[in-house]
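Chains as they are written, first to last, in this note's numbering: chain A, 1 to 345; chain B, 1 to 345; chain C, 1 to 345.
Please note that the accuracy of each hint is not assured.
A partial selection of chain C residues facing chain B, derived with a Cβ cut-off under 8 Å [unchecked claim]:
#1 Asn34
#2 Ser37
#3 Ala69
#4 Arg86
#5 Ile305
No more than 25 Å apart at the CA atoms, straight line, and that leaves these computed lysine to any residue pairs for SDA-like [stated by the list, open to error]:
#6 Lys344/A / Arg322/C
#7 Lys329/A / Arg264/C
#8 Lys294/C / Gly300/A
#9 Lys316/A / His277/B
#10 Lys195/B / Lys310/B
#11 Lys310/B / Val328/C
#12 Lys47/B / Leu72/B
#13 Lys294/C / Arg264/C
#14 Lys47/B / Thr70/B
#15 Lys342/B / Lys195/C
#16 Lys195/C / Arg154/A
#17 Lys310/B / Ala299/A
#18 Lys47/B / Tyr5/B
Residues from chain B that keep clear of chain C, each with C-beta distances beyond 12 Å, as calculated [as the list claims (entries may be wrong)]:
#19 Lys47
#20 Gly100
#21 Asp182
#22 His192
#23 Gln198
#24 Gln235
By construction, these hints were calculated from the structure, which means they are not laboratory data. Positions of the beta carbon are idealized from the N, C-alpha and C atoms, including for glycine.
Letter by letter, the chains look like this.
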Amino acid sequence: MDTSYRLADIAARLGGRVLGDGEVRVTQIATLENAQSNHISFLTNSKYRAQLAHTSAGAVILGEADADATGLPRIISDNPYAYFARVSALLNPLPEARPGVHPSAVIGAGAQIDATASIAATAVVGEGAVIGAHSVIGEGCCIGAHTVIGSHARLYPRVVIYHDCIIGDNLIAHAGAVIGSDGFGIAMDEGHWIKIPQIGRVVIGNDVEIGANTTIDRGALDDTVIEDGVKLDNQIQVAHNVRIGAHTAIAGCVGIAGSTTIGRYCRVGGSAGILGHLHIADHVEIAAFTLIGKSIREAGSYAAIFPFSKTEDWRKNAVHLRHLDDLVKRIKIMEQEIESLKRKD
Amino acid sequence: MDTSYRLADIAARLGGRVLGDGEVRVTQIATLENAQSNHISFLTNSKYRAQLAHTSAGAVILGEADADATGLPRIISDNPYAYFARVSALLNPLPEARPGVHPSAVIGAGAQIDATASIAATAVVGEGAVIGAHSVIGEGCCIGAHTVIGSHARLYPRVVIYHDCIIGDNLIAHAGAVIGSDGFGIAMDEGHWIKIPQIGRVVIGNDVEIGANTTIDRGALDDTVIEDGVKLDNQIQVAHNVRIGAHTAIAGCVGIAGSTTIGRYCRVGGSAGILGHLHIADHVEIAAFTLIGKSIREAGSYAAIFPFSKTEDWRKNAVHLRHLDDLVKRIKIMEQEIESLKRKD
Amino acid sequence: MDTSYRLADIAARLGGRVLGDGEVRVTQIATLENAQSNHISFLTNSKYRAQLAHTSAGAVILGEADADATGLPRIISDNPYAYFARVSALLNPLPEARPGVHPSAVIGAGAQIDATASIAATAVVGEGAVIGAHSVIGEGCCIGAHTVIGSHARLYPRVVIYHDCIIGDNLIAHAGAVIGSDGFGIAMDEGHWIKIPQIGRVVIGNDVEIGANTTIDRGALDDTVIEDGVKLDNQIQVAHNVRIGAHTAIAGCVGIAGSTTIGRYCRVGGSAGILGHLHIADHVEIAAFTLIGKSIREAGSYAAIFPFSKTEDWRKNAVHLRHLDDLVKRIKIMEQEIESLKRKD
Numbered sequence: 001m002d003t004s005y006r007l008a009d010i011a012a013r014l015g016g017r018v019l020g021d022g023e024v025r026v027t028q029i030a031t032l033e034n035a036q037s038n039h040i041s042f043l044t045n046s047k048y049r050a051q052l053a054h055t056s057a058g059a060v061i062l063g064e065a066d067a068d069a070t071g072l073p074r075i076i077s078d079n080p081y082a083y084f085a086r087v088s089a090l091l092n093p094l095p096e097a098r099p100g101v102h103p104s105a106v107i108g109a110g111a112q113i114d115a116t117a118s119i120a121a122t123a124v125v126g127e128g129a130v131i132g133a134h135s136v137i138g139e140g141c142c143i144g145a146h147t148v149i150g151s152h153a154r155l156y157p158r159v160v161i162y163h164d165c166i167i168g169d170n171l172i173a174h175a176g177a178v179i180g181s182d183g184f185g186i187a188m189d190e191g192h193w194i195k196i197p198q199i200g201r202v203v204i205g206n207d208v209e210i211g212a213n214t215t216i217d218r219g220a221l222d223d224t225v226i227e228d229g230v231k232l233d234n235q236i237q238v239a240h241n242v243r244i245g246a247h248t249a250i251a252g253c254v255g256i257a258g259s260t261t262i263g264r265y266c267r268v269g270g271s272a273g274i275l276g277h278l279h280i281a282d283h284v285e286i287a288a289f290t291l292i293g294k295s296i297r298e299a300g301s302y303a304a305i306f307p308f309s310k311t312e313d314w315r316k317n318a319v320h321l322r323h324l325d326d327l328v329k330r331i332k333i334m335e336q337e338i339e340s341l342k343r344k345d
Numbered sequence: 001m002d003t004s005y006r007l008a009d010i011a012a013r014l015g016g017r018v019l020g021d022g023e024v025r026v027t028q029i030a031t032l033e034n035a036q037s038n039h040i041s042f043l044t045n046s047k048y049r050a051q052l053a054h055t056s057a058g059a060v061i062l063g064e065a066d067a068d069a070t071g072l073p074r075i076i077s078d079n080p081y082a083y084f085a086r087v088s089a090l091l092n093p094l095p096e097a098r099p100g101v102h103p104s105a106v107i108g109a110g111a112q113i114d115a116t117a118s119i120a121a122t123a124v125v126g127e128g129a130v131i132g133a134h135s136v137i138g139e140g141c142c143i144g145a146h147t148v149i150g151s152h153a154r155l156y157p158r159v160v161i162y163h164d165c166i167i168g169d170n171l172i173a174h175a176g177a178v179i180g181s182d183g184f185g186i187a188m189d190e191g192h193w194i195k196i197p198q199i200g201r202v203v204i205g206n207d208v209e210i211g212a213n214t215t216i217d218r219g220a221l222d223d224t225v226i227e228d229g230v231k232l233d234n235q236i237q238v239a240h241n242v243r244i245g246a247h248t249a250i251a252g253c254v255g256i257a258g259s260t261t262i263g264r265y266c267r268v269g270g271s272a273g274i275l276g277h278l279h280i281a282d283h284v285e286i287a288a289f290t291l292i293g294k295s296i297r298e299a300g301s302y303a304a305i306f307p308f309s310k311t312e313d314w315r316k317n318a319v320h321l322r323h324l325d326d327l328v329k330r331i332k333i334m335e336q337e338i339e340s341l342k343r344k345d
Numbered sequence: 001m002d003t004s005y006r007l008a009d010i011a012a013r014l015g016g017r018v019l020g021d022g023e024v025r026v027t028q029i030a031t032l033e034n035a036q037s038n039h040i041s042f043l044t045n046s047k048y049r050a051q052l053a054h055t056s057a058g059a060v061i062l063g064e065a066d067a068d069a070t071g072l073p074r075i076i077s078d079n080p081y082a083y084f085a086r087v088s089a090l091l092n093p094l095p096e097a098r099p100g101v102h103p104s105a106v107i108g109a110g111a112q113i114d115a116t117a118s119i120a121a122t123a124v125v126g127e128g129a130v131i132g133a134h135s136v137i138g139e140g141c142c143i144g145a146h147t148v149i150g151s152h153a154r155l156y157p158r159v160v161i162y163h164d165c166i167i168g169d170n171l172i173a174h175a176g177a178v179i180g181s182d183g184f185g186i187a188m189d190e191g192h193w194i195k196i197p198q199i200g201r202v203v204i205g206n207d208v209e210i211g212a213n214t215t216i217d218r219g220a221l222d223d224t225v226i227e228d229g230v231k232l233d234n235q236i237q238v239a240h241n242v243r244i245g246a247h248t249a250i251a252g253c254v255g256i257a258g259s260t261t262i263g264r265y266c267r268v269g270g271s272a273g274i275l276g277h278l279h280i281a282d283h284v285e286i287a288a289f290t291l292i293g294k295s296i297r298e299a300g301s302y303a304a305i306f307p308f309s310k311t312e313d314w315r316k317n318a319v320h321l322r323h324l325d326d327l328v329k330r331i332k333i334m335e336q337e338i339e340s341l342k343r344k345d
């Protein structure tokens, strides 16, 4: 019952050059290892060329450099990884959501829900909120009062967006994501913390994806801003008044402290951190597990990872980190003494 | 339509000394950069004094040291940051929630809900639970059986509190927070893990704030305790039987392992960690990204951050960490050899 | 009203050897410090033997080595920690959930819910989903279309499981856990990220526990797999196509990147991380806060923690990490110079 596509059909839609039998039909995409004869597979790194010999795939996607690495029917693309993504999207369209409001959903006064939008069971849409065309608000989601969501959004179950946020088109937000919660603003006064009201918003551009259980706090006074095309993995924490530049991609468990600005086309590895009030340039790559404690003015790749070893070796080595300054002083003294010995010779 | 306040009114309510025209009216608070003429702004750090010259604010809050740094109408305070927080709270009161239980909420048998409390759409309150005066239980929240919540709590959507927990007054809990989940208690027995029932509770004092998607586990046998005035940011993990002392503030993504006690007035930076069964004294500051692996008996500031650099530099330097012990041995040998050479001279 | 058990009854059910009065009745288990006369307590580490002298417990569980360390009625076990777990489970049975579907729950077409299962208020079960015997789906949970959950599962409130996942028997999943969200799959194409559809599933074995707000992504093409007996604490991130071997236990806040395979009986400390596409052998222990950046082929204990110190000391020491390579070069030069001086002598 799966829809099938001829290779020639795929190339006609998505571009690329067909080599071999363009009449071959495929219904699904799979890894070289697991593909069957009605599947198309792909090779995105010449390093794994040898795997081509053993695949049962009916067809493959290859880069130009590997165009002749197999006799299988194939599509040749300049960017086989992106091509794979496009073919997979073609073969795996998202299920259509039924337009309309489920009877168990609760809609606040004055909310404007496009007739093509879908509000799932037990979702709550606040007063004056706006839900754009073809947007899907999943089960148990809560959309705060006066929040505006653009078209073609897909919110998976239990996403919470607080009041007064502005969301562009094509948002994907996974389960448990929280957008617009209060930033962590407190002031110490005579032994007690006073809460600083968080009156800014979260403003999100178009084509943004937000992972499961990721949190994005609203601004203290001005807004927290996520620009177009930003991709956030799961369990990321974005503090108040952060700005994340367009097309930046951030892996899971990263924490970004307040008022930091991250440039465009940056990539941040998993569990990394960025302290507050910093500026990160465009095209910066930050390694996993790395804390960025100063602004980065120059594009490039940055890291700070303590290399792991067997615990007994780590213990022997790590103990010296607490005495590194003494060690350097001892080295300086030795250098002087050697100089002095050399002079005496 | 915004309520406006004269500077003189603000000082009459909140203290502080007015300099310049006390009749100036303000409706909102804003940064020096973005303030307009009907806004009040603030300077909390003399370092940014120069910005005062360019603000369009109608009035400003200043510390004593900066009292004469502008001719704008101003309020002078000993603690301008706390004063800013108070003015913002005055100008931005929380919207009132309507008392009563939404028809889509589900209330268990024997639950006691104060007549002034508000139970929002799709919230579930368990059997025998108690919700105090003026407390707001947000959309989709679940309050476990026999849990007691004090007065003036504000639970944002989808907070879960398990059964039998005790919560003081004025709790703020943000979306996705989980309070009272089982601690991670397992015992290995003949190749299988056995679950250890978690029969303690979570007990939370007054004036506590808990961030979005933060988790606080119930105790294994005794309770997990969060004392008065503790402020927890987003995505913090508090394990079973932890105790966090009054007025301690913890930034996002911190993990605290089981049975650790943290003192009063501590501050913990983002993504830091504290191992289990430790004692942290009062007034301890822990830097971001720092793992505390031993008890800290003395107030003060502690850190353990690997400084970042360009990845190529990091790679050259970090490789030596696995040989630090050898390096120290080589240094010792050289010191002996130098001594020996000196003696020979 | 609590059920009480005689020591002799407990030993008859759970094994172990009774010393002293087997007729003593206990109603609850407690720590040595807090136990009362109707409580049973336990000593699992001989190091704390001295505490036995001061306990008010009516009975205790001891290991063989401590069999004679008290005159209290006692049960002697080879594995007193596991015995404690079993006694606590005996004294603290989970409350029974009422079978049936709460009227506020929403059940999709074709869903198969066992007659002994319990679907709580505001839960949503998708089309064609299967809920096994005696399973409890908590308040506000969302079970995706065609997902299959085995028997005796206990899902606490607001767990989300996406479509098409396969879950074994005896799952425990805590509030806010998300299973089956999209993996973080994106491909860069001419300045824009293209989403790679995530068409794999999450497949979970029997006897798995998943902590609060933990997230497990579905596979990109093949499945993400959690084998039997795996125990995951809170706020763990498991990326797409990860496989976690049977009986592995992972502490809170750990992040595991895509396509990594973790062996059986591993233990991973809190806030650790494992990069993608790695293989971790069976019986590997990874310390808290440690990033594993290469495959581990050999069982054993591994660590990479920067030791903390007072911030002023840390600052003095850490600055040298950026110059470690230069330092090593200086040491090499000195070694050569010393050799040269020695030859001259």
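Verification of the supplied hints:
no.	hint	verdict
1	Asn34	holds (6 Å)
2	Ser37	violated (16 Å)
3	Ala69	violated (21 Å)
4	Arg86	holds (7 Å)
5	Ile305	holds (6 Å)
6	Lys344/A / Arg322/C	violated (34 Å)
7	Lys329/A / Arg264/C	violated (47 Å)
8	Lys294/C / Gly300/A	holds (23 Å)
9	Lys316/A / His277/B	holds (24 Å)
10	Lys195/B / Lys310/B	violated (46 Å)
11	Lys310/B / Val328/C	holds (19 Å)
12	Lys47/B / Leu72/B	holds (18 Å)
13	Lys294/C / Arg264/C	holds (18 Å)
14	Lys47/B / Thr70/B	holds (14 Å)
15	Lys342/B / Lys195/C	violated (69 Å)
16	Lys195/C / Arg154/A	holds (13 Å)
17	Lys310/B / Ala299/A	holds (10 Å)
18	Lys47/B / Tyr5/B	violated (29 Å)
19	Lys47	holds (21 Å)
20	Gly100	holds (18 Å)
21	Asp182	violated (6 Å)
22	His192	violated (6 Å)
23	Gln198	violated (9 Å)
24	Gln235	violated (7 Å)
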